[in-house]
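Read off the chains here:
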Amino acid sequence: MKNKPMAQPGRVEETVEIHLPSMTKHLHAIRMLCCTLAESMGFLRKDSETAALAVEEAITNVIEHAYHGEEGRKMRVIFEMEGNKFTVRILHDGDQIDTSQYVLLDDLSHFYRQKKRGGLGILIMKKCMDEVTYKNGPDQSECCMIKYLKKPS
Amino acid sequence: MPDLRIDVRSQGTVAVVEPIGFINAHTAKDFETVLQNLINQNQHNIVINCRDLAYIASAGLGAIMGFIDVIRENNGDIRICSMNETVFNILEVLGFTHLYSIFDTEDKAVRSFEETAQ
Numbered sequence: 001m002k003n004k005p006m007a008q009p010g011r012v013e014e015t016v017e018i019h020l021p022s023m024t025k026h027l028h029a030i031r032m033l034c035c036t037l038a039e040s041m042g043f044l045r046k047d048s049e050t051a052a053l054a055v056e057e058a059i060t061n062v063i064e065h066a067y068h069g070e071e072g073r074k075m076r077v078i079f080e081m082e083g084n085k086f087t088v089r090i091l092h093d094g095d096q097i098d099t100s101q102y103v104l105l106d107d108l109s110h111f112y113r114q115k116k117r118g119g120l121g122i123l124i125m126k127k128c129m130d131e132v133t134y135k136n137g138p139d140q141s142e143c144c145m146i147k148y149l150k151k152p153s
Numbered sequence: 001m002p003d004l005r006i007d008v009r010s011q012g013t014v015a016v017v018e019p020i021g022f023i024n025a026h027t028a029k030d031f032e033t034v035l036q037n038l039i040n041q042n043q044h045n046i047v048i049n050c051r052d053l054a055y056i057a058s059a060g061l062g063a064i065m066g067f068i069d070v071i072r073e074n075n076g077d078i079r080i081c082s083m084n085e086t087v088f089n090i091l092e093v094l095g096f097t098h099l100y101s102i103f104d105t106e107d108k109a110v111r112s113f114e115e116t117a118q
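Heads up: the sequence lines are chains E and V, in that order.
Take the first sequence: its position 103, counted from the start at 1, is 103 in this note's numbering, and no numbers get skipped.
Take the second sequence: its position 8, counted from the start at 1, is 8 in this note's numbering, and no numbers get skipped.
Keep in mind that the hints were calculated from the coordinates and are not lab data.
A couple of the hints might just be wrong.
[Claimed, not checked] So, partial list: chain E residues that the calculated Cβ filter (under 7 Å) puts toward chain V:
| id | residue |
| --- | --- |
| 1 | 25 |
| 2 | 46 |
| 3 | 57 |
| 4 | 60 |
| 5 | 127 |
[As the list claims (entries may be wrong)] Below, a list of computed lysine-lysine pairs in the DSSO-like style, where the Cα atoms sit at most 27 Å apart:
| id | chain 1 | residue 1 | chain 2 | residue 2 |
| --- | --- | --- | --- | --- |
| 6 | E | 25 | V | 29 |
| 7 | E | 74 | E | 150 |
| 8 | E | 126 | V | 29 |
[Claimed, not checked] Pulled from the structure, derived: some chain E residues nowhere near chain V, Cβ distances all over 10 Å:
| id | residue |
| --- | --- |
| 9 | 42 |
| 10 | 89 |
| 11 | 140 |
| 12 | 142 |
This structure is a prediction, so every number in the text was calculated from the model and none was measured.
Ideal Cβ placement from N, Cα and C applies to all residues, glycine included.
Generate coordinates for the entire structure from the input sequences, incorporating the hints supplied.
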């Protein structure tokens with residue numbers, strides 16, 4: 001059996017797309033799926049779990065801040081596996097999430113000193129993923145997170 | 001199996017809270033209620049035994065952070081023990097391990113309160 005050739009840059013090898021309503025009861029299922037997909041790419045269990053936690057936090061933010069807890073609104077979660085790049089995109093049509101207030105909160109001590117609780121999820125996302133970006137459009141907003149599979153040293 | 005069950009028991013002057021399952025935005029309210037009830041009963045020495053906690057997300061960590069000030073102002077503390085690798089990793093990544101005392105067993109965590117009191 002021949003080895004599968006490496007993915008070409010810019011080419012999406014595999015995509016898994018999930019549509020789900022804005023309900024926290026689905027968080028665990030998405031987490032399990034994310035973990036399974038990351039592990040299938042070769043991520044260690046530890047890294048798969050941190051990626052899954054970041055995805056769970058991003059979806060929680062959409063439910064709480066874009067949809068203000070309203071159940072049944074639409075969300076799309078797209079997992080893209082391309083070479084060593086694991087991309088997770090979370091799309092919604094709720095309110096735009098203002099992340100600017102969290103820019104300076106790079107570690108937990110800020111939260112502790114300021115007695116803050118909100119924004120902890122974004123800190124987790126930043127710590128667990130290599131890249132976290134937000135795009136806000138007129139009809140749809142997106143949180144995009146990327147984690148790279150590093151070669152063993 | 002429910003997503004989260006929380007057992008609470010007394011070990012001398014210490015309340016041991018044992019979440020079984022996972023704590024995320026779906027289940028954190030129950031966890032928060034348990035902590036709030038202990039504080040309402042003036043129980044400020046708390047050990048969270050994580051041996052059957054599969055994972056904890058920001059909603060659960062936020063609950064701990066939200067109560068820690070009032071607990072420490074009352075000369076108490078929240079101490080954490082028996083974490084699996086998943087839970088420990090997330091606490092370590094976030095720096096929780098610098099802000100909270102971590103123990104590998106419940107016995108050590110409970111005894112640490114007795115040592116503090118002496």
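Just to be careful, I want the Cα atoms of residue 126 (chain E) and residue 29 (chain V) compared with a cutoff of 27 Å; is the pair within it?
24 Å, holds
Closest CB of chain V to the CB of residue 89 (chain E) still more than 10 Å away
20 Å, holds
Could you check if residue 127 (chain E) really has its C-beta closer than 7 Å to a C-beta on chain V?
5 Å, holds
Holds or violated: are the alpha carbons of residue 74 (chain E) and residue 150 (chain E) at most 27 Å from each other?
34 Å, violated
Holds or violated: is there a CB of chain V closer than 7 Å to the CB of residue 25 (chain E)?
OK, holds: residue 25 (chain E) within 7 Å of chain V, min 6 Å.
When you check the alpha-carbon spacing of residue 25 (chain E) and residue 29 (chain V), does it fall within 27 Å?
13 Å, holds
When the least beta-carbon distance from residue 46 (chain E) to chain V is tested against 7 Å, hint result:
6 Å, holds
Could you let me know if the closest chain V CB is still more than 10 Å away from the CB of residue 142 (chain E)?
20 Å, holds
For the hint on residue 60 (chain E), does the least C-beta distance to chain V fall short of 7 Å?
Holds: closest Cβ of chain V sits about 4 Å from residue 60 (chain E), inside 7 Å.
Minimum C-beta separation from residue 140 (chain E) to chain V exceeding 10 Å: can you confirm that?
22 Å, holds
Least C-beta distance between residue 42 (chain E) and chain V, which was stated to exceed 10 Å:
18 Å, holds
The hint names residue 57 (chain E) as touching chain V; please verify it with the least Cβ-Cβ distance against 7 Å.
Since the shortest Cβ distance to chain V is 6 Å, the answer is holds.
The structure is inconsistent with hint 7 alone, although it conforms to all the rest.
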